[in-house]
Amino acid sequence: MQSTPPNHFELFSIAEQFNLDTSTLESNYRKIQSAAHPDRFITAPATERLSAMHLATSANEAYSVLKSPAKRAKYMLEQHGIDAIADTNTVMPMDFLMQQMEWRERIEDAKMARDISELDNIADELATEAKALVGDLCELFDIKQDLAAATEITRKLIFIDKVCADIDQVIEQLDH
Amino acid sequence: MALLQISEPGMSAAPHQHRLAVGIDLGTTNSLIATVRSGMSTVLQDDFGHALLPSVVRYMPNGDIVVGHEAQAHQSEDPVNTVISVKRFMGRNLNDITNKAHIPYRFVEGSDAATTRSLQLQTRAGLKTPVEISAEILKTLKARAEKSLGGELVGAVITVPAYFDDAQRQATKDAARLAGLNVLRLLNEPTAAAVAYGLDNAAEGTFVIYDLGGGTFDVSILRLSKGVFEVLATNGDAALGGDDFDHRIYCWVLDQVRAANENFSPLTEEDTRLLLTKARQAKEWLTDNFEAQIVCKLGNGILVDVTLTAPQLVEVTEHLVSKTLSPTRKAMRDAKLSIEDINGVVLVGGATRMPHIRHAVQEFFKQEPLTNLDPDKVVALGAAIQANILAGNKSDDDLLLLDVTPLSLGLETMGGLVEKVIHRNSTLPIARAQEFTTYKDGQTAMSVHVVQGERDLVSDCRSLARFELRGIPPMAAGAARIRVTFTVDADGLLSVSAREQSTGIEAHIAVKPSYGLTEDEITNMLKASFNSAEDDKKARMLAEARVDAGAIIGSISAALAADSQLISAEEVKAIEAEIQKLQQLSEGEDATAIHQAVDALNHATEAFAAARMDASVSRALAGKHLENLDL
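Respectively, the protein sequence lines represent chains A and B. Position 158 of the first sequence, counting from 1, maps to 150 under the numbering used here, and the rest follow consecutively. One gets the numbering used here by counting positions in the second sequence from 1 and adding 1194 to each.
Just so you know, not all the hints are guaranteed correct.
[Claimed, not checked] No more than 30 Å apart at the CA atoms, straight line, and that leaves these computed lysine-lysine pairs for DSSO-like:
{"hint": "1", "chain 1": "B", "residue 1": "1560", "chain 2": "A", "residue 2": "103"}
{"hint": "2", "chain 1": "B", "residue 1": "1530", "chain 2": "A", "residue 2": "63"}
{"hint": "3", "chain 1": "B", "residue 1": "1614", "chain 2": "B", "residue 2": "1530"}
{"hint": "4", "chain 1": "B", "residue 1": "1420", "chain 2": "A", "residue 2": "63"}
{"hint": "5", "chain 1": "A", "residue 1": "59", "chain 2": "B", "residue 2": "1420"}
Please keep in mind that the hints were generated in silico from the structure rather than gathered at the bench.
Pulled out of the complex, with its shape left as it was, chain A reads as follows:
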């Protein structure tokens, strides 16, 4: 492909900011796939089919990163040479750790009690919490450009994502 592949924002021709325009992202993603998907090149020479495969793959990868706020924040930090989940990175504030433990305990209790609606409640609370963090990140990345503070919030958001994934898994087990 090219010597320097475009970054995820450039690929979709959207401004490199955290508070991105999701409808433009979605419609540009579809435009790129409509132009570059391997199905469009079934009768083309092998090299063009390969190029199409590469481009469609990069577009899928970039889209999956940009549409998730946690992955997007982590990616933006990486662009600045910061690994948000590195072991050496700042420790979590005590109050957040306490809150995490509380969530985990509630999930464990709900799992024992096979209480799916309680798990849904916890997931809703987490979603509200995540929404507030996303609001903070818009300000930290796009207005204040405070990457240190953004890193801490990003770590929180990644943790919340993980807890949400765990809740989904527990619900799935109980639902079986």
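Once you have looked at the hints, place chain B on chain A.
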């Protein structure tokens, strides 16, 4: 020129020449074949006007093989040699099959114990694999299409349940090859249904496809927007369908008969098939009626005469209905959607005719499901539309399908645990890499075990392939950096490569599940059926090489005419030189030399192809029309 028509789908179609392509719904109970004619997707019928071909294969005493209605009519007399619902055995070994006691077949474990090979059925025509039996159904459909379309088929899109794993997909592909079909694509059944439904209704928005067939259940959630069909999530149960409802009724009938007859002897194979058939008829009758009478005489002289009411049917099959709702909830969670986000629910598959299924779906989604397309035909109709496009026919339907991986793909790590590399519901095509390291000091080889499934333990997932990376330089445990890359292409086929980062030592594998047929077996089976001579093969190879050469010269010349300004004059010259070389060689008789020159030309155009691709994306984002970019 017949040989040219079945070559790889890499060549450009001559303008205005319609290439015959079909969509095939290879179903558990019934199969169909459809094609796009004069812009309309149509199901093809047999000489008697039947659209549905019962997926029943009977091996006759005289050596003939009968497929369809005639085979179905004799299933109770000759159950051992009349195979129905063979789809349930595709890509499976004996351990995968539950309730064997209630299926009237003589199962035999696959011959090669080391690789847990596919199960086989003992018939009067000998041992038959599910792949061979399915190929008979496909051959019958192919013959129907060629007769009705008056020509050889360029290729086929064959549908599979979205929740089929790699082994089941591979088995389906093997069956198609055995039937002499060129597979353009395996397409997920709910996606095919969405295409037919979406185009028919010019639908936009978020739709759920609830597909309960004879033996499989799928649920897919798709976003339809301006001709792009984007699958957001899919889930299902590859062993749940209308057959299981029949089986529940059959068990209920047996309970009634046992209660009424003290000395009830075990059923013969004929009795089992007879009662299962009666059960299916009763189920279908209850769709429009309140009660069904089941009357028949068993081999031991006992007369069965019981009445099943609609509420009783609901009661005995209630848990099967709720078994479909659990995957539905999972798909909704994976798509991160709630009930209010759903614009419509489309019912697919004959089993969704049952009123209590419709009721359960309506209750769950709080809206009346859409049933304006025939649930038996919608999958084949959608497959035909995709086949028409993939065959290279120009179409008014400018559509693109973005499908997903139904099951997670991962690697075995220490302790028999699974590390997922590609998560379920990732959009295709996809490539993901992950780094692993050594466990012991001085470890020089690493075994890479590829598995598919959602569970944490390797033993609970399906094993797809194993390969080894050797020649790792001896280092302390944990020091080596081995990067394993998983790639799944638009066909859903997986390949895996591993690379030690410091030395660059690599190993690759295109995953061929241990349940599939080997390349040799396929070749032997094809040989047995076609008996093609060596000369034939040579002539065919040369013909194919020439077609390939002609196609690539044509398309690259067209590309140069359109876009040569994207590269330097020297690069253009280099490409033109390769074209000339290939032109000369393709007038000769050496197929290998032609292939090499095609490869060289392909290689010479790599940078040009990438530049064209970038240009086309820029144009797409700038909102310009893309029509003239296609070759």
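Each hint, compared with the structure:
| no. | hint | verdict |
| --- | --- | --- |
| 1 | 1560/B - 103/A | holds, 28 Å |
| 2 | 1530/B - 63/A | holds, 16 Å |
| 3 | 1614/B - 1530/B | holds, 20 Å |
| 4 | 1420/B - 63/A | holds, 28 Å |
| 5 | 59/A - 1420/B | holds, 20 Å |
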